[in-house]
Amino acid sequence: MAGVRALGVYRGVLKELRNLQGSEYTQSMAYTHLREQFRSNQVTGERYCRAKKEALHTCQVYLCLLETTRLHMNLHQLYHGRGERGPEEVAQLVGLQMPTQPGGKGWEE
Amino acid sequence: MLPGLCRFHGLVSRALVPLAGRQVELKLLGCSANVQRARYATPATERKKFYRDVTISQGEGGLYEINLDRRKLKTPGGKLFTVPNEALAIAVATEWDAQKDTLKFYTMHLTTLCNTALDNPTQRDKDQIISAALKFLETDTVCYRVEEPPGLVELQKNEWDPVLEWIEKRYNVVIGSSYSIMGPQIPEETKDTFRQHLKSYNVWSLIGLEYVISQLKSVVLSLGLIDRHLTVEQAVLLSRLEEEYQIQHWGNVEWAHDYDMYELRARTAAGTLFVYLSSESATVKKKILQD
Chain A
1 MAGVRALGVY RGVLKELRNL QGSEYTQSMA YTHLREQFRS NQVTGERYCR AKKEALHTCQ
61 VYLCLLETTR LHMNLHQLYH GRGERGPEEV AQLVGLQMPT QPGGKGWEE
Chain B
1001 MLPGLCRFHG LVSRALVPLA GRQVELKLLG CSANVQRARY ATPATERKKF YRDVTISQGE
1061 GGLYEINLDR RKLKTPGGKL FTVPNEALAI AVATEWDAQK DTLKFYTMHL TTLCNTALDN
1121 PTQRDKDQII SAALKFLETD TVCYRVEEPP GLVELQKNEW DPVLEWIEKR YNVVIGSSYS
1181 IMGPQIPEET KDTFRQHLKS YNVWSLIGLE YVISQLKSVV LSLGLIDRHL TVEQAVLLSR
1241 LEEEYQIQHW GNVEWAHDYD MYELRARTAA GTLFVYLSSE SATVKKKILQ D
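For the protein sequence lines, the chains are A and B, in the order given. Going by this note's numbering, the first sequence wraps up at 109, each residue one higher than the last. Going by this note's numbering, the second sequence wraps up at 1291, each residue one higher than the last.
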């Protein structure tokens, strides 16, 4: 049963990495490190292995981090305000332009 | 109104400052010129991405550094950005690599935590961090119970009591819950036990742990997380229990509830990962000694 969960977590992290890095995600350091961790903690005896569970839990936390930052960014882009427009843009909206003074105003450079 | 004020300041400065202080005057004029030209829509939290590749390298003392193209990453305090272990360095490098076009610093939680640990801007030592972390125990979320509505009382009993039992058994302490506004009375032995336990972690892990505690507003839940008793999703759910109850009753608002939940999960996950990776080498040593 732990094996099935490990597979789910592993595939989840790989999907997130592919999302972030495009198709060359297999060359990234994170991918290599992840594979090493999963391979090295895989082969154990029949006894209760704490290292495997700890590595799996750490990986699950990392998956949560990647997934939630992505979802948070999506919501942010969808709903967050874009701020106000500057005075030039506002003027251009109604077809006007900001007044300029040749030589600049007294306090400008 | 602001340009008017700047003009007034300019006039005043020109009147009061003697000729020898013209440099101050010019700086004032420069300031107001910047205000005049400021673009209100540009937030200061975003910069353009100025690098293409992110790699890590091992420097002196076995500490890992992050390289953006050819330049080494530095902390906001100006120090070289060094990380004690490889896994954390890879995670930070992945964070920097994940940025597209603009750098969104508010999504780079691990980098922020490393910067805090390296710069230590509030200049705290280990004991101060432990005291700050344990101060949350008196106002721990899990200990504050309500008396009505009955649905929420039931939910708190079913979800929070097991966690309290677990931590009381694991650390052999007494915490208890309370219905009053003053909160639970935490005995001194409990605090001493936790203080002794936390002293065994190094400074980086403690900074991560304090971050998680301040996000979840609960020492009990944070200790449950770092002892791997809870997952991040479970811990966040328990921390936001009342909010989840209200959501079930009144409905979910995506742009507020989900937004907050994802942000809390991301920050908690980053803090927890930081603690795991910073204390991992210590855990390995203990195992070898026990064998």
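These are calculated hints, taken from the structure and not from any lab test. Just so it is clear, the structure is predicted and the values come from calculations on it, not from any experiment. There's no promise every hint is true.
To be verified - Derived pair list, reagent style DSS-like, types lysine-lysine, alpha-carbon separation capped at 27 Å:
hint, chain 1, residue 1, chain 2, residue 2
1, B, Lys1049, B, Lys1079
2, B, Lys1169, B, Lys1157
3, B, Lys1157, B, Lys1126
4, B, Lys1104, A, Lys15
5, A, Lys15, B, Lys1049
6, A, Lys53, B, Lys1199
7, B, Lys1048, B, Lys1126
8, A, Lys52, B, Lys1049
9, B, Lys1169, A, Lys53
10, B, Lys1217, B, Lys1191
11, A, Lys15, B, Lys1100
12, B, Lys1126, B, Lys1217
13, B, Lys1049, B, Lys1072
14, B, Lys1079, B, Lys1048
15, B, Lys1169, B, Lys1104
16, B, Lys1104, B, Lys1217
Verification of the supplied hints:
The hinted pair formed by Lys1049(B) and Lys1079(B) meets the criterion: a straight-line CA distance of about 21 Å does not exceed 27 Å. At roughly 17 Å between alpha-carbon atoms, Lys1169(B) and Lys1157(B) fall within 27 Å of each other, so this suggested pair holds. Restraint check for Lys1157(B) and Lys1126(B): the C-alpha separation of about 35 Å exceeds 27 Å, so the hint is violated. Of the pairs offered as hints, the one joining Lys1104(B) and Lys15(A) holds, with about 21 Å between alpha carbons and a cut-off of 27 Å not exceeded.
For the hint linking Lys15(A) to Lys1049(B), the alpha-carbon distance of about 24 Å falls within 27 Å, and the restraint holds. Restraint check for Lys53(A) and Lys1199(B): satisfied, since their Cα atoms lie roughly 25 Å apart, inside the 27 Å limit. The hinted pair formed by Lys1048(B) and Lys1126(B) fails the criterion: a straight-line CA distance of about 37 Å is larger than 27 Å. With a C-alpha separation of about 38 Å, the suggested pair Lys52(A) and Lys1049(B) falls outside the 27 Å cut-off, and the hint is violated.
For the proposed pair Lys1169(B) and Lys53(A), the alpha carbon gap of about 22 Å is at most 27 Å, so the pair holds. Restraint check for Lys1217(B) and Lys1191(B): satisfied, since their Cα atoms lie roughly 17 Å apart, inside the 27 Å limit. Restraint check: the Cα-Cα separation between Lys15(A) and Lys1100(B) comes to about 18 Å, which is no more than 27 Å; the hinted pair holds. Of the supplied pair hints, the one linking Lys1126(B) and Lys1217(B) holds, its CA atoms being roughly 20 Å apart against a limit of 27 Å.
Annotation: proposed proximity of Lys1049(B) to Lys1072(B) holds, straight-line Cα distance about 15 Å (limit 27 Å). Restraint check for Lys1079(B) and Lys1048(B): the C-alpha separation of about 22 Å stays at or below 27 Å, so the hint holds. Between the alpha carbons of Lys1169(B) and Lys1104(B) the distance comes to roughly 42 Å, so the proposed pair goes past 27 Å and is violated. For a cut-off of 27 Å, the pair hint linking Lys1104(B) to Lys1217(B) stands: about 26 Å separates their Cα positions.
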